[in-house]
Amino acid sequence: MKNGRAWALLLMVGLGIAAAALIASPAGAWLLHPATPVAREVRTLFYKAVAVTAFFFILAEGLLLIAVLRFRAKPGVPAATWHENFKLEIVWTAIPAIAMVILSGPAFTTMKYMETTPKSELQIEVVGHQWFWEYRYPKYGVIFANEALVVPFGKIISANVTSIDVVHSWFVPDFGIKMDANPGRINHVWFQVDHPGTYKGQCAELCGVLHGQMFITVNVVTPEEFERWIEQKKKGA
Amino acid sequence: MEAGTVVARPGPYAEAVHPGTTPRTGILKWLLTSDHKLIGTMYIWLAFFFFAIAGAFAMVMRTQLAAPGLHVLRPEVYNQIMSLHGTFMVFFFTIPIMAGIANYVVPIQIGARDMAFPRLNAVSFWLLVPAGSLMLASLFLQGGAAAAGWTSYPPLTNRQYSPGPGVDLWILGLHLAGASSILGGINFVVTILNLRAPGMKMFKMPMFCWTVLVTQTIILIATPILAGALTMALTDRMFGTGFFQAVAGGDPVLWQHLFWFYSHPAVYIMVLPGMGMISQILPAFSGKHLFGYKGMVLATAGIGFIGFLVWGHHMFATGIDYRLRQFFSFASMVIAVPTGIKIWSWLATIWGGSLRFRTPMLFALGFIALFIIGGITGIWLALVPFDVQVHDTYFVVAHLHYVLFGGSLMAIMAGIYYWLPKISGKLYNEFWGKVHFWLTFIGMNLTFMPMHMMGMLGMPRRIYTYRPEFAIWNHIASAGAAVLGVGMTIFALNMLLSLWRGRRAPADPWNHSDETRTLEWTVSSPPPAENFHTIPVIR
Ligand SMILES: [Cu+2]
Ligand SMILES: [Cu+2]
Numbered sequence: 001m002k003n004g005r006a007w008a009l010l011l012m013v014g015l016g017i018a019a020a021a022l023i024a025s026p027a028g029a030w031l032l033h034p035a036t037p038v039a040r041e042v043r044t045l046f047y048k049a050v051a052v053t054a055f056f057f058i059l060a061e062g063l064l065l066i067a068v069l070r071f072r073a074k075p076g077v078p079a080a081t082w083h084e085n086f087k088l089e090i091v092w093t094a095i096p097a098i099a100m101v102i103l104s105g106p107a108f109t110t111m112k113y114m115e116t117t118p119k120s121e122l123q124i125e126v127v128g129h130q131w132f133w134e135y136r137y138p139k140y141g142v143i144f145a146n147e148a149l150v151v152p153f154g155k156i157i158s159a160n161v162t163s164i165d166v167v168h169s170w171f172v173p174d175f176g177i178k179m180d181a182n183p184g185r186i187n188h189v190w191f192q193v194d195h196p197g198t199y200k201g202q203c204a205e206l207c208g209v210l211h212g213q214m215f216i217t218v219n220v221v222t223p224e225e226f227e228r229w230i231e232q233k234k235k236g237a
Numbered sequence: 001m002e003a004g005t006v007v008a009r010p011g012p013y014a015e016a017v018h019p020g021t022t023p024r025t026g027i028l029k030w031l032l033t034s035d036h037k038l039i040g041t042m043y044i045w046l047a048f049f050f051f052a053i054a055g056a057f058a059m060v061m062r063t064q065l066a067a068p069g070l071h072v073l074r075p076e077v078y079n080q081i082m083s084l085h086g087t088f089m090v091f092f093f094t095i096p097i098m099a100g101i102a103n104y105v106v107p108i109q110i111g112a113r114d115m116a117f118p119r120l121n122a123v124s125f126w127l128l129v130p131a132g133s134l135m136l137a138s139l140f141l142q143g144g145a146a147a148a149g150w151t152s153y154p155p156l157t158n159r160q161y162s163p164g165p166g167v168d169l170w171i172l173g174l175h176l177a178g179a180s181s182i183l184g185g186i187n188f189v190v191t192i193l194n195l196r197a198p199g200m201k202m203f204k205m206p207m208f209c210w211t212v213l214v215t216q217t218i219i220l221i222a223t224p225i226l227a228g229a230l231t232m233a234l235t236d237r238m239f240g241t242g243f244f245q246a247v248a249g250g251d252p253v254l255w256q257h258l259f260w261f262y263s264h265p266a267v268y269i270m271v272l273p274g275m276g277m278i279s280q281i282l283p284a285f286s287g288k289h290l291f292g293y294k295g296m297v298l299a300t301a302g303i304g305f306i307g308f309l310v311w312g313h314h315m316f317a318t319g320i321d322y323r324l325r326q327f328f329s330f331a332s333m334v335i336a337v338p339t340g341i342k343i344w345s346w347l348a349t350i351w352g353g354s355l356r357f358r359t360p361m362l363f364a365l366g367f368i369a370l371f372i373i374g375g376i377t378g379i380w381l382a383l384v385p386f387d388v389q390v391h392d393t394y395f396v397v398a399h400l401h402y403v404l405f406g407g408s409l410m411a412i413m414a415g416i417y418y419w420l421p422k423i424s425g426k427l428y429n430e431f432w433g434k435v436h437f438w439l440t441f442i443g444m445n446l447t448f449m450p451m452h453m454m455g456m457l458g459m460p461r462r463i464y465t466y467r468p469e470f471a472i473w474n475h476i477a478s479a480g481a482a483v484l485g486v487g488m489t490i491f492a493l494n495m496l497l498s499l500w501r502g503r504r505a506p507a508d509p510w511n512h513s514d515e516t517r518t519l520e521w522t523v524s525s526p527p528p529a530e531n532f533h534t535i536p537v538i539r
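Chains as they are written, first to last, in full-length UniProt numbering: chain A, 1 to 237; chain B, 1 to 539.
Bound conformation, chain B alone (with noise of 0.2 angstroms):
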C-alpha cells in the first residue's frame, strides 16, 4: 500500500503502447479506441445505460405487488420483467459497472499505460452491446422475453414449456456477455500480473487491484462452466439432446448443478471489487493506513476459492443427498470467517482515523450497516433446516438484496463518487451527492427489510400476486422502492449536471495523506493519454 511514493524516473516500460498513433476526435474516437480509460468510460456509461433499465423494471414491479390482487400487468409479463431485472442486474450493470471502473483505475494504479491486449479490451466490451440489446428486443418478439428467472430452471426452459424465441435470445445474449467476461478476465490477469511499474510488487498493490484479481481469476474458472450449461441448454431447445429432460435419460437437476457452479462465484465476482474499492476509499477518507493488508489479501483470496465449494446451498429443497447437504452448509458456514476478517479490518481502518463524511465515504460505511446484515442472514441461509423453510420465499429476495444491492451498489455508488472526477476531471455537487445517500440508505431499508417478513410469513419469491396476508409488509416495500427511485434521478441529474457544467477537478480533489494517496492521484484529472509522462518507479 506504500503506493504513494513516486519517483520520476523512466523505467523499463516507459516507451509508450501505441508509437505514433494520432488521436482521433469525434464518435470515432470512441468506436475505434483502443484506450483502456475511453473502454472504461464506455463500459460505465453502458452499464448505467441498463441499469436504468433494469431498475425502471424493479419499479415495474413494486407498482404491480404495492396491494393484493392488482393488474397492473399480466402475469406472463410480470415473469419476463422479473427474469430480465435479474438477468439485467447481474450480467449488464454489476459485472459489467466492475469491469469498467477496473479497468479505466487497474492500469492506473500499477503504474500501466495501458491494458496487456488493448484491442481484446474494445472486443470485451463490444460484446456486450449486442449482448444487451438481443435480450431486451425479446421483449418485443412472439411469446416476449424468457420468464423463467435469471436462474432459468429446466423444464420452464425447454421449448415445450417456453416455445417462443426468448430464451434463444436470453441464451445468446448470456453467451456473449459470458464471452466477454472470459476476454476480460485473461486480460486483467495477464495485465496485473505482468505491466505492474518497477517496485510495485504484488504486496504493494493497491486493495482494489488484489480484489480485481481474484475476481478476474474466479471468471476464468467459473464462467465456462455457464457456457457450457447454457450450450446444453441451447441444445436441449433447439435439437431435443435432453441433457435437462428427465423423460429423454436427462436431469433438470444437472442445470441447477451447473448453473450454481458459476452463479454463487459470480455472487463474488459481484462483490468482490467492491470490497476493493471500500478497502480504498474507508482509508483515504479517514486518513488510515488500511487495517491488516495482508490478512485483507488472504481473506479475498480465501472467499475466492471457498466460493466455489458452496454452490449446494441454493439447492437443500432439492433433494440432494444428505451428505452433500451437510457439506455445502458447513462449506457456506465457514464463509463468514474469511468475510468478517473484512468487516473487522474496515471497523479497525476507521477506527482512531479522521473521518471525512463526503460522499464516498458515507456510502462506504452505508455499504458495512447493510453488508453486515447480509452476511448474518447468510450464515443463517447456510443452516438447511432454516433455509429450507425460507428458501424461495422474499427471505431469500431480501438477503440477495443486502448482499447485491446493500453491498455491490452502494460500493458501485462509493467508487462512481469516488472516482469520477478524477474520470471526468469535474466536481460534483456535494450536497446532492448526500442526499442521494440518504434517500438510497432508507429507501433501501424499507424496500427490503420488510421482504424478510413476507418471507418469514410463507411468501414465495416470483409471484405476481400474493394472498392478502402479505398485503403491509408490500405496502411498505412499494413506498420504500418510491424513494429508491427519486434518490436514483438525483443521483443521475447530479451526474449530468456536473459532468455539463462541474467545476474542474484537481489532480486530487479528496487531498489524501501521503500513505492513501494510490498512482491515479498523482496524474491529472482526467489523465493524460497513456497515463504517466515517465513511468513511476515504487520504492
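So that you can see chain A by itself, here it is in the shape it has in the complex (with noise of 0.2 angstroms):
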C-alpha cells in the first residue's frame, strides 16, 4: 500500500510537469512562426498571461501536492483548529486582482494595435459560402472560388469579411486572425506577412455538414510576382 501512494504521487508529479509543458511549450505554429505582426504581439501578449499565471499555477498546485503528502491522518496527530485568518484572505484577495489589473494592460494594447488598420495597400474581400470561400479585388475586379488566396508580402492588406448564408470564420492561426463572417454585417482585419509562402487555414465557426472541408490556402509572393498574377487573372475573367 505504502508503495502504491509513492507510485501515485509520482504519477500526479508527473502528470502535473506534463501538463505545465504542453501549456508552456511553444510548440503551436504560430507561436514558432508567427507570419504577422499581429501574430508577434498576440504570441508577446501569451508569453506574458503565460508568466503571470504559471506563478499561481505552481503555487496552488504545489501546496496542494505538499499538502496531500504531508497531512495525512496519523494516529496521535489530531487535525489542527484554525479556520480564520483575515490577513491572509485579503492578501489572497490583492494579489490576484493585481495581477488582472497589470495583465489587462498588454492585452487591451495589443487589441487596440490589431483593431487599428494602418493605411491599406490593397483591399480584399472575403465571403464565406457553404462550404467554401470566395474572394474578391475590388480594385482589379477580379473574383474566384475554391481557389488559393495570393496577396503580396510585406504589404498592408485589409479585407472585408462577410458571408452569403450561415455564420463562417476565416482563420488563419500563422496570421493571428480570426474573424467570423456574418451574413449582412462586414468585418474587418488587416494583416502584413513578413515572408513569401503557402499559409494553411480553415474555417472555424461550424457552417454544416462539411464544415471540416472548408480549407483556407493563402500563397503569399513577391510584389512582382502578384502583379503578374493578377494580370493572368484579369484575362482570365
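Honestly, the hints are just simulated from the structure, not real lab data. In this text, all values refer to a predicted model and were calculated from it rather than measured experimentally.
Derived lysine-lysine pairs resembling DSSO-like cross-links, with alpha carbons at most 30 angstroms apart: (1) B:K294 <-> A:K87; (2) A:K74 <-> B:K426; (3) A:K235 <-> A:K200.
For each label pair, taking beta carbons as the anchor points, the in silico distance ranges come out as: (4) B:L70 <-> A:P75: 53 to 59 angstroms; (5) A:F86 <-> B:D514: 22 to 28 angstroms; (6) B:R356 <-> A:L59: 23 to 29 angstroms; (7) B:M59 <-> A:K139: 47 to 53 angstroms; (8) A:T44 <-> B:D514: 53 to 59 angstroms; (9) A:K119 <-> B:L324: 23 to 29 angstroms.
Where is the CB? At the ideal position from N, CA and C, for every residue including glycine.
With the hints as a guide, bring both chains together as one complex.
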C-alpha cells in the first residue's frame, strides 16, 4: 500500500509537469513562426500571460501536492483547529486582483493594435459560402472561389469579411487572424505578411455538414509575382 | 457551519408535511411520489442514464477522430452526435444531477421535512423525461437530430439550412428542460429561505446549501432569457419572423448575445454546486473546519453576480464593438479573484488537517488539481488577442472540459461517493472506487491535455475529420477516452453491485468530526420518512 501511494504521487507529479510543459511549450505553429506583426504581438502577450499565471499555477498545485504528502492522517496527530485568518484572506484576494489589472494592460494594447488598420495597400473581400471561400479584389475586378488567396508579402492588406449564407469564420493561425463571417454584416481585419510562402487555415465556425472541409490557403508571393498573377486573372475572367 | 450540535426538542415545524398518507409500494411509489428523497433519487438515475448516452456519443466521436480521414461516421451524423453530446451533458446530465443531489441533501441539511412545494418538485422532475426523450428520438427522424452544436447559432438553425424536425425538437426539449429548471429554482429558493430548522441561521447553513441558493437564483434570472431566445428561434423557423435573419431585418448575432447571457451563467450553474460539495467533503476528510466560511459565501455570490457580466467573451471573434470587448475581457479576468479565494480557502482547509484518502476525498482533491488548470486557461481566454487566436479551436474544447469535466464531473463523482451510502443505505467497494478515480484522473488528462496543443496548432473544433498535422495529439486523446470509458464502466458496475449486495451503511459511515458533521449524518441511512422524528434545533 505504501508503495502504491508512492507510485500514485509520482504519477501526479509527472502529470503536473507534463501539463505545465504542454501548456507552456511553444509548439504551436503560430508560436514558432508568427507570420505577421499581429501574430508576433499575440505571441508576446501569450508569454506575458503565461509568466503571470505560472506563478499562481505552481503555487496552487504545489501547495496541494505538499498538503497531500504532509497531512495524511496519523494516529495520535490531531487535525489543526484554525479556520480563519483575515489578513491571509485579504492578501489572496488583493494579489490576484492586482495581477489581473497588470495583465489587462498589454492585453488592451495588443487589442488596440489589432483593431487599428494602418493605411492599407491592397483591399480584398472574403465571402464565406457553404462550403468554400470566395475572394474578391475590387480594385482589379477579380473574383474567384475555391482557390488559394494570393497576396504580396510586406504590403498591408485589409480584408472585409462577410458571408452569403450561415456564419463562417476566416481563420489563418500564422497570421493571428480569426474573423467571423456573418451574413448581413461586414467585419474588418488587416495583415501584413513578413515572408513569401504558403499558409494554411480553415473555417472555424460550425457551418453545416462540410464545415470540416472548408479549407483556406493563402499564397504569399513577391509584389512582382503578384502583379503578374493578377494580370493573368484579369485576362482569364 | 456549526450544524453539528443537534438538540432533540420539537420546533415549530414539527408536524408532518403529508399527514395521514399511507406509504405506497412498487412502481406507484416512484410514479406518484412527491417525497424529495425519492424525487432526488430519480433525478440522479435519469441524469446518469443521459450521461451514459452522452458519454457513448463522446466515445464514438473519439473513435472517428482517432486518426485523420476515418469513416466511422458520416459528416452529418458526426455533427448530430457532437451536438447531442454537448446538449445532453449540459442540460440533461450536469444541471439535473446537481438538482437531484441538492433535492436529496438540501432539505435534510437545513433540517426540513421536504421541499417547500413537493408536488411542484415532482413536476420539475417529470418534465425532464419528455424533454430528453424527444431530443433523443429526433436522431431517428427524417433529417436526424439538430446538428448545429449545443450553441445552435442561426442562420444555420433556420429552416432554410436545417429543414428537418431535429432543431424543432431540440428547441422543444430545451424549453421543457428550462421550465423544469425554473420551477426547481423557485422551489429551492423558497425552501432554503423559509424551511430552515429553528436556529439554522443563514450563516450557519452548510456551504453546499449556500451554493445551491446562489445557483438557483442564477437559474431564475438567466433561464427565462434562454426561453425567450428559443421562442424567437422557433417562430423564425415556423413563421419566418426573421429575428435572427439579416435578410428579414434581424440579426444572427442577437442570438449569440441572448444565448450566452444564459449559457455563461450556466457554467456557474454547473460548477457552483460542485464547489459546495467540495467545500463539505474536504473538511469531512480533513477533520477540520472549512477555512474562511464567510469569504467562501461572498466568493460564491460574487461569482454568481459577475457571471452575468461576461457573456461577451464568447463573442470576441464575432465583430462586436471594441469597447464591449474591453469590458467583457476585464470582467472575465475579475472572475479569477473570487475563484482564487475558493481555491486558496480549500488549500487552507486541508493544510494542517488529518487527511483520510477515501474515494470522495480523492475526487475532491482531483477536482482542485484540474480546476486550477481550467481556471488558468480561462484567464488566458479572457485576453482578447489570445482568445481570438484559439477561439473555436480545440483549445477551447480543452479549457471547457477542464472546467466541466475536471470541475463539475469530478465534484459530482465526489458527491455521489460521499452521499451514496446515505441515499441507498449501502456501502460500496472502496478499492474499485479508487481504481475509478485513478483511471478518471489519468484518462481525463490524456484526453483533454493534448487538445490544448491541437488548438494551439490551429485545429478548429466541431470538425468530423482533420488535416494530418494534428494526428499525433488526436491519437493520444482517443487513447485517453478509452481509459475514461473503462473507468466509467467500473464505476457503473461498482455502484450497481453496491446497490445489489453492499453492506449496510451506518448513519455516519465517514466518522465525521463534531465540527464537520452536517444534519444528514445524524439520521439513519437512508433517512426515515420526512427525515426527522422531531425537527432538530440548532444551537
Ligand atoms: Cu465552417
Ligand atoms: Cu463564458
